[in-house]
Amino acid sequence: MIGDTAPLRSRWLPLLVLCAACPLRAQTDGNSDAVHKLLSDSSSIGLPAATEAPAFELKDQNGRARSLPSLAGPKGTILVFFRSADW
Amino acid sequence: MYCRGQLVKLQNDLPILQRAGYGLAAISYDSAAVLHEFASRKNITFPLLADHESEVIRTFAVTNQAYAKGALLDVNSEQITNALGDVPVYGVAYPSVFVIDPSGKIVWRFVSEADELRLTGTAILERAFSSIADASRLQLPSGRIQVVSTASNTDVGLGNRLIIGLELKIPSGFHIYGPSVGHDYHGLSWKMDPSSCWYENDFAYPQPQLKQFSFQVEELPVYVGSLRLTRELVLKPVLSATQPSLYQLFEKLCLDKEARVKASGRLNFQACDDRRCYPPQSIAVEWKFHFVPPDSKRSPPELRREFEH
Numbered sequence: 001m002i003g004d005t006a007p008l009r010s011r012w013l014p015l016l017v018l019c020a021a022c023p024l025r026a027q028t029d030g031n032s033d034a035v036h037k038l039l040s041d042s043s044s045i046g047l048p049a050a051t052e053a054p055a056f057e058l059k060d061q062n063g064r065a066r067s068l069p070s071l072a073g074p075k076g077t078i079l080v081f082f083r084s085a086d087w
Numbered sequence: 001m002y003c004r005g006q007l008v009k010l011q012n013d014l015p016i017l018q019r020a021g022y023g024l025a026a027i028s029y030d031s032a033a034v035l036h037e038f039a040s041r042k043n044i045t046f047p048l049l050a051d052h053e054s055e056v057i058r059t060f061a062v063t064n065q066a067y068a069k070g071a072l073l074d075v076n077s078e079q080i081t082n083a084l085g086d087v088p089v090y091g092v093a094y095p096s097v098f099v100i101d102p103s104g105k106i107v108w109r110f111v112s113e114a115d116e117l118r119l120t121g122t123a124i125l126e127r128a129f130s131s132i133a134d135a136s137r138l139q140l141p142s143g144r145i146q147v148v149s150t151a152s153n154t155d156v157g158l159g160n161r162l163i164i165g166l167e168l169k170i171p172s173g174f175h176i177y178g179p180s181v182g183h184d185y186h187g188l189s190w191k192m193d194p195s196s197c198w199y200e201n202d203f204a205y206p207q208p209q210l211k212q213f214s215f216q217v218e219e220l221p222v223y224v225g226s227l228r229l230t231r232e233l234v235l236k237p238v239l240s241a242t243q244p245s246l247y248q249l250f251e252k253l254c255l256d257k258e259a260r261v262k263a264s265g266r267l268n269f270q271a272c273d274d275r276r277c278y279p280p281q282s283i284a285v286e287w288k289f290h291f292v293p294p295d296s297k298r299s300p301p302e303l304r305r306e307f308e309h
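Read top to bottom, the protein sequences are chains A and B. Under the numbering used here, the first residue of the first sequence carries the number 1, and numbering increases by one thereafter. Under the numbering used here, the first residue of the second sequence carries the number 1, and numbering increases by one thereafter.
Extracted from the complex, chain B is given alone in its bound form (with noise of 0.2 angstroms):
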């Protein structure tokens, strides 16, 4: 279910991944037959490649290993829904992305054992080479300081990691100060509000420079010029089969009228040229997104994978 979702995501992101340059293809243990339904279902061009003896899935070494010869998937310890039935697991992969450079080196991987939770493609791009395609921007009333607000994506659904993010453009001559400064002066801060809809990774400024004033001693860490920040939130994969009332209580907290879930925090800093500093700045920054419900359609029975005797 987590899957399916994915994949429609990163044909979303398709335009983008070739744009930066890369092909895009995606394996699991499904056949040919099961991908083929998928991908016409759901207009997949990239290639979904059907490893269905999971031999490649074994040489990447991302095969699942809590899965047994003859083992099904357990819809309990695996919180998704009940409405399955009895699905064989054996040899089903980890989430898990490489990429691989034209010389056939790998150059960047991400393998997770949390299995609801997936990369959106422009996500993979922000992560693995910190390279800047984001589906949304949007420049905030802010004043000396440009702030813009930036998102891989505008939609989302359960279980999606996203990166969203601040650019702040400090024009020449003004500096702000940096996260550690001290209780003396007011340093960057950005700080999401508390919020029961998603998951937040951990966040690190970037490293400010230290700069020598003139009133000061020490010296004191600054950013001047373009500043980037960003984080990662991951929509709460609430599809659960011993709490199926979870998913009825997201979508009420959760979603606004118009199906979009909001992510909010503050801003702090303070711009200050050479000679003073002007009152600082709390700025209000929020994200909304385009929630695309779960797909819960499986394929049809007659393709389904066998049991293994």
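So that you can see chain A by itself, here it is in the shape it has in the complex (with noise of 0.2 angstroms):
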């Protein structure tokens, strides 16, 4: 008797673990389609490349005004836009 449950527990293991992944993998796994269209530039929001870039001065976190060509490298600016810092 001992000895059948150490091969049925092994058996079993796999399976919950499985299980145990199911709501993690349920988020979008399974359709490709899903991942791809998530992980896709929406290239109908936010201005084409090719563009000219507007120009701006906004304060920066120590209140400094800056503008795109104060930002800039040699090889130009990387623009990020997040969503907030505070949430």
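None of these hints come from the bench; they were simulated from the model. Cβ atoms here follow ideal geometry from the backbone N, Cα and C, with glycine treated the same way. It is possible that part of the hints are untrue.
Stated by the list, open to error - In silico EDC-like cross-links for lysine to aspartate or glutamate, where the CA-CA straight-line distance does not exceed 20 angstroms:
1) A:Lys37 - B:Glu232
2) B:Lys288 - B:Asp193
3) B:Lys262 - B:Glu251
4) A:Lys59 - B:Glu55
5) B:Lys262 - B:Asp155
6) A:Lys37 - B:Glu78
7) A:Lys37 - B:Asp202
8) B:Lys257 - B:Asp155
9) A:Lys37 - B:Glu200
10) A:Lys59 - B:Glu306
11) B:Lys105 - A:Glu52
12) B:Lys288 - B:Asp155
13) B:Lys69 - B:Glu53
14) B:Lys252 - B:Asp193
15) B:Lys288 - B:Glu258
16) A:Lys59 - B:Glu37
17) B:Lys288 - B:Glu200
18) B:Lys191 - B:Asp202
19) B:Lys262 - B:Asp134
20) A:Lys37 - B:Glu113
21) A:Lys75 - B:Asp101
22) B:Lys262 - B:Asp193
23) B:Lys191 - A:Asp33
24) A:Lys59 - B:Glu53
25) B:Lys69 - B:Glu55
26) B:Lys105 - A:Glu57
Said to hold, decoys possible - Examples of chain B residues lying across from chain A (beta carbon under 8 angstroms, computed):
27) Arg4
28) Gln6
29) Gln18
30) Ala26
31) His36
32) Glu113
33) Val234
34) Leu246
35) Ser299
From the two separate chains plus the hints, produce the assembled complex.
Pasting the structure below:
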């Protein structure tokens, strides 16, 4: 009897682990189209490449006014829009 | 929450971006006071720009249109934590990246409607310019063909978009067959193991060249010299207002004892010279990233955005 339990457990364990992962998998797995869409560039939103970047002047975290030329390195600027540093 | 993680990763990548010749700045609808408090807390040295009226966000056409005036963040549909409280979100930007050349022209852009998913700095360089800025390189034991595994980052947070790569050095006089070579040969293949922890983006092999061999009527697709394969991995953004247990499950299933997330797969190929082919090889490939837990600390209440009236 005791000898029987070990193989039984080892047979069931992978199944248990598999089911434990289900909620994580369910997020968008299984449908590669959905994943593809989720990860793609939303090309209809935002200024397209090859257009002129609009000029701007904004205050940075230290209250200093910054414009695009003041941010650029020799090859240019990487400008990242993010949602919020608060929430 | 995902933003704070992205900004910290950008700060980590800042020396690489600067060495590559780029200035870095990040814009949001936050006030300068919110940005100052966050930058001080996390030692952010690159400019965080306060577009409190969302004017620049609007001129770059990246305003999140889902939020009308007076709208509050819907934490359930956004799938982020309920602990946030009410957040006014009118005028908030979609996570996006613009690379602007010194003449002021936009040369590359990426806008994501998936609010939780964010590019790291090195992944921006890789995606925009195929510029190799690997944070880690590891030589794999692989015989005649030298194989190095690479990654754009050494650590990862929820929703981070990373690039992993494999570099093959094929010695002079040797070739390996392309993936489309057919069943008579062992073509190159790189497959990742299924994982509940990552999203995996589409992957394409570089175009092989066609070569004529004396033993075959048709030309065959081959790679010679150096070859670099890359693909994108995205750590699932598992913070969920409707399923708070998802994060615990993620910690249990995706993190090892040293709080690292693993991604693994196999690289298969066969090295040949003009006279003979050597036994096909199947190499286990693996990447491990230190996990950076989400930063759930909000700005002090007195600095937070006021509700529109």
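Hint by hint, here is what the structure shows:
no.	hint	result
1	A:Lys37 - B:Glu232	holds, 14 angstroms
2	B:Lys288 - B:Asp193	holds, 14 angstroms
3	B:Lys262 - B:Glu251	holds, 12 angstroms
4	A:Lys59 - B:Glu55	holds, 13 angstroms
5	B:Lys262 - B:Asp155	holds, 11 angstroms
6	A:Lys37 - B:Glu78	holds, 17 angstroms
7	A:Lys37 - B:Asp202	holds, 11 angstroms
8	B:Lys257 - B:Asp155	holds, 15 angstroms
9	A:Lys37 - B:Glu200	holds, 12 angstroms
10	A:Lys59 - B:Glu306	holds, 19 angstroms
11	B:Lys105 - A:Glu52	holds, 4 angstroms
12	B:Lys288 - B:Asp155	holds, 8 angstroms
13	B:Lys69 - B:Glu53	holds, 12 angstroms
14	B:Lys252 - B:Asp193	holds, 19 angstroms
15	B:Lys288 - B:Glu258	holds, 10 angstroms
16	A:Lys59 - B:Glu37	holds, 14 angstroms
17	B:Lys288 - B:Glu200	holds, 15 angstroms
18	B:Lys191 - B:Asp202	holds, 12 angstroms
19	B:Lys262 - B:Asp134	holds, 17 angstroms
20	A:Lys37 - B:Glu113	holds, 10 angstroms
21	A:Lys75 - B:Asp101	holds, 6 angstroms
22	B:Lys262 - B:Asp193	holds, 11 angstroms
23	B:Lys191 - A:Asp33	holds, 18 angstroms
24	A:Lys59 - B:Glu53	holds, 12 angstroms
25	B:Lys69 - B:Glu55	holds, 14 angstroms
26	B:Lys105 - A:Glu57	holds, 17 angstroms
27	Arg4	holds, 6 angstroms
28	Gln6	holds, 6 angstroms
29	Gln18	holds, 6 angstroms
30	Ala26	holds, 4 angstroms
31	His36	holds, 4 angstroms
32	Glu113	holds, 5 angstroms
33	Val234	holds, 6 angstroms
34	Leu246	holds, 6 angstroms
35	Ser299	holds, 4 angstroms
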